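Residue numbers (this note's numbering), protein chains in the order written: chain A, 1 to 80; chain B, 1 to 149.
Some hints could be false.
Unchecked claim - Under the rule of at most 20 Å between Cα atoms (straight-line distance), these lysine to aspartate or glutamate pairs were calculated in the EDC-like manner: (1) LYS40/A x ASP26/A; (2) LYS52/B x GLU63/A; (3) LYS7/B x ASP73/A.
Derived by calculation from the structure, the hints in this document are not laboratory data.
Note that this is a predicted model, so its numbers are computed, not measured.
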Amino acid sequence: MDKRNALLKRIMQADFSMHEAALFLDSHPKNKAAMNFYRKMQAKREELAAEYRRDFGPLTYYEVKSTDWNWIDTPWPWQN
Amino acid sequence: MWIYDKKLQYPVNIKNPNPALAKLIISQFGGPDGELGASMRYLSQRYTMPYKEVIGILTDVGTEELAHMEMVCAIVYQLTKNLSMEEIKESGFDAYFVDHTTGLYPVAASGVPWNANTFQSTGDAIADITEDLAADATTAKEQPTYLRG
């Protein structure tokens, strides 16, 4: 697996963890363990996403920082 | 994948409920030219598009249509707040109310529920883009229709 796909997979793992924790927290907003888990995954996600943006381009068009429009240049997620 | 932003694309603040108007506006949610169909059309067609520019537009427009759908639903929600039974009967909103009360249900003004038969996804770039042009032209039709209503 190339570096881009490996990093993307780690972001997917962090996102999935955050998403599942968010679903639980929606119905259990006072749960400390879930909240701590969410924040841990959130920090991980921010770190991984920053690395991805720097090396491989934007995950959302809000993250486009280049002077040219590179949003459409990276592969679409269903193109393998 | 998608994430949810906790804001409308443009604010909706309706002061006076109007269930008769809600009966018409809801078509923009679940009618044949509504936002739900628009979003599903673009988000279904994008996979087989041969150009990254077109995939980008269909992805970003299809996403924006979901934001439009949320604004239309906010309008219907606010138009049908705090109604008396009399207001519901007199406005003609009673036919919708008996099935859905004030719940948001994707339906045309005529009462036909939303259906994927309202759009096409052919796998042919020219056929799909031509259909998108026709779909977009319905916006020009809808606005004066609602104003007359």
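Here is how each hint holds up against the structure:
1. This hinted pair checks out: LYS40/A and ASP26/A have alpha carbons roughly 17 Å apart, not beyond 20 Å.
2. A hinted pair counts as satisfied when its Cα atoms are at most 20 Å apart, and LYS52/B with GLU63/A qualifies at roughly 18 Å.
3. Taking the CA atoms of LYS7/B and ASP73/A, the gap is about 29 Å. The hint is violated against a cut of 20 Å.
Of the numbered hints given earlier, the model fails hint 3 alone.
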